[in-house]
Amino acid sequence: ETGVTQSPTHLIKTRGQQVTLRCSSQSGHNTVSWYQQALGQGPQFIFQYYREEENGRGNFPPRFSGLQFPNYSSELNVNALELDDSALYLCASSPRLAGNYEQYFGPGTRLTVT
Amino acid sequence: AQSVAQPEDQVNVAEGNPLTVKCTYSVSGNPYLFWYVQYPNRGLQFLLKYITGDNLVKGSYGFEAEFNKSQTSFHLKKPSALVSDSALYFCAVRDEYNNNDMRFGAGTRLTVKP
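Quick mapping for you: the protein sequence lines, in order, are chains A and B. Going by our numbering, the first residue of the first sequence is number 1, and it counts up by one from there. Going by our numbering, the first residue of the second sequence is number 115, and it counts up by one from there.
Be careful, since some hints might not be right.
Distance ranges between label pairs, derived from CB positions [what the hints assert, rightly or not]:
| hint | chain 1 | residue 1 | chain 2 | residue 2 | range |
| --- | --- | --- | --- | --- | --- |
| 1 | B | N169 | A | G16 | 33 to 41 Å |
| 2 | A | N77 | B | R156 | 22 to 30 Å |
| 3 | A | N77 | B | L196 | 35 to 43 Å |
Derived from the structure by calculation, the hints contain no laboratory data. Every value quoted in this text rests on a predicted model; they were computed, and no experiment measured them. We put the beta carbon where it would ideally sit given N, CA and C, even for glycine.
Please model the complete structure; the sequences and the hints are all you need to start from.
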């Protein structure tokens with residue numbers, strides 16, 4: 001098991017609502033990335049945070065937003081939920097902002113939008 | 115932009131036989147290549163990576179991968195499969211100029227039969 005934790009484990013929301021997902025990075029890791037993994041697909045990069053600033057974003061609309069806190073924990077916020085937002089949301093941390101570092105993933109939050 | 119292809123949705127092997135899970139990639143610059151494994155209802159676990167140097171990379175649980183620049187491939191291998199290796203395997207890539215967006219393949223489900 002990695003030291004990355006996510007909460008909640010599961011979540012059910014209604015279309016149009018807002019949701020906040022939380023992630024605690026592994027100790028000593030200052031870089032956090034968020035991914036969306038739809039059923040039967042590989043993870044897709046949402047965005048990355050480094051030292052409390054967004055450092056890169058994938059092809060996701062602005063209603064997906066995030067935060068990173070001074071202790072390097074992070075939040076993913078999704079507004080105006082759509083049915084297609086139903087997925088496993090994964091948080092991953094790495095010790096440095098460098099492309100050659102592997103990421104350590106949390107267990108994910110399963111979001112269901114009805 | 116970088117991309118990854120895993121041409122096989124499913125790979126079936128008998129316990130004790132060698133296994134190969136295929137991955138090809140496309141990047142602008144030099145690639146940073148990763149393999150992850152995902153067990154049911156779990157996050158992704160890092161297996162191994164290629165950054166530079168020896169084309170044969172050894173990782174966790176007896177897995178290894180061979181980087182082939184001319185064929186733009188990074189196939190995952192294990193000399194003798196175990197039933198416990200049954201899981202979903204993801205290949206991922208970043209290019210050397212990108213320290214955030216990691217692209218994943220769609221995954222290959224490996225089933226090892228006793």
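Hint by hint, here is what the structure shows:
1. Between N169(B) and G16(A) the beta carbons are some 51 Å apart, a value that contradicts the proposed interval 33 to 41 Å.
2. Separation of N77(A) from R156(B) is about 24 Å and conforms to the stated range, judged on CB atoms against 22 to 30 Å.
3. Between N77(A) and L196(B) the beta carbons are some 41 Å apart, a value that agrees with the proposed interval 35 to 43 Å.
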